[in-house]
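Trainee: Given next are the chains, with one letter for each unit.
Number of protein chains: 2
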Amino acid sequence: MDKFSLHAQLASDCHLLGDLGLSQVLLLDDSRYPWVILVPRRAGVREIFELAAGDRHNLLEESCLTGEFMMHAFAGEKLNVAALGNLVPQLHLHHVIRNKDDPAWPGPVWGHSAAVPYPRQLLDERMRILRDGLSIAA
Amino acid sequence: MDKFSLHAQLASDCHLLGDLGLSQVLLLDDSRYPWVILVPRRAGVREIFELAAGDRHNLLEESCLTGEFMMHAFAGEKLNVAALGNLVPQLHLHHVIRNKDDPAWPGPVWGHSAAVPYPRQLLDERMRILRDGLSIAA
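Each protein sequence line maps, in turn, to chains A and B. In terms of this note's numbering, the first sequence opens at residue 5 and continues consecutively. In terms of this note's numbering, the second sequence opens at residue 5 and continues consecutively.
One or more of the hints may lead you astray.
Claimed, not checked - Derived DSBU-like pairs: lysine-lysine, alpha-carbon spacing no greater than 30 Å straight-line:
1. K104/A x K82/A
2. K104/B x K82/B
3. K82/B x K82/A
4. K7/A x K82/B
5. K82/A x K7/B
6. K104/B x K7/A
7. K7/B x K104/A
Hint data in this document are derived by calculation from the structure and do not stem from the laboratory. Note that the structure is a prediction, hence the values are computed from the model and not measured.
Working from the sequences, and respecting the hints, build out all of it.
Mentor: In structure tokens, the structure reads:
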């Protein structure tokens, strides 16, 4: 079996928060939306249905943990959860906190407009909040 | 507890295929994409994490069944799975078969362009394929 390694595009676009039991946890470098991506550490998987049953279940639980915490911590109007992968085939699950005053509301965030990278202080703050809330070691 | 009823916008935009154990199964009336929506029959739920643990698990299994069958039956390049709900708050999970020659590729289908309703013959064919493949009684 091939060894898992994070897709170069995800590595380039995101900050690494750390690992949950199954998934690498990434923060997309777009300060306009709290946006966390879970990437199961399984090589060669493109679709959720390709995961083994136990991995599927763990991904769902990690997704619910992540989404519920983010909605609480960032006071979102709505959570968007999506596995798309049209551009990056490695299975990855988006969790995006949406608000009525965000740039893309109520449309989708994907493809809407160029990311606005985090200033250092806000990045440090969000990474700390997420690591604490998701119990991820730095 | 309130009784489940399908949101009027979903009822208006979709054809009802029938029921799985947890979810109502809808075919979006856009002939450009094989596009199935699962709606858990639970009143007042907006987010996946709000479902009870057993319901979450069943939704995941119904989603994997649906997505895997659709990728096989419609020879997709990529499956897009998403719970968005910015416009329709009732929890619903999209399953969209994407291909490199579809109108929105590689961008998101949501908000891209107006739906193209099914002609009757293609609608009948797709509904039959989906009901057979997902073992849904008509």
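Trainee: Name the hints, by number, that the structure is in violation of.
Mentor: As far as the earlier hints go, not one is violated by this structure.
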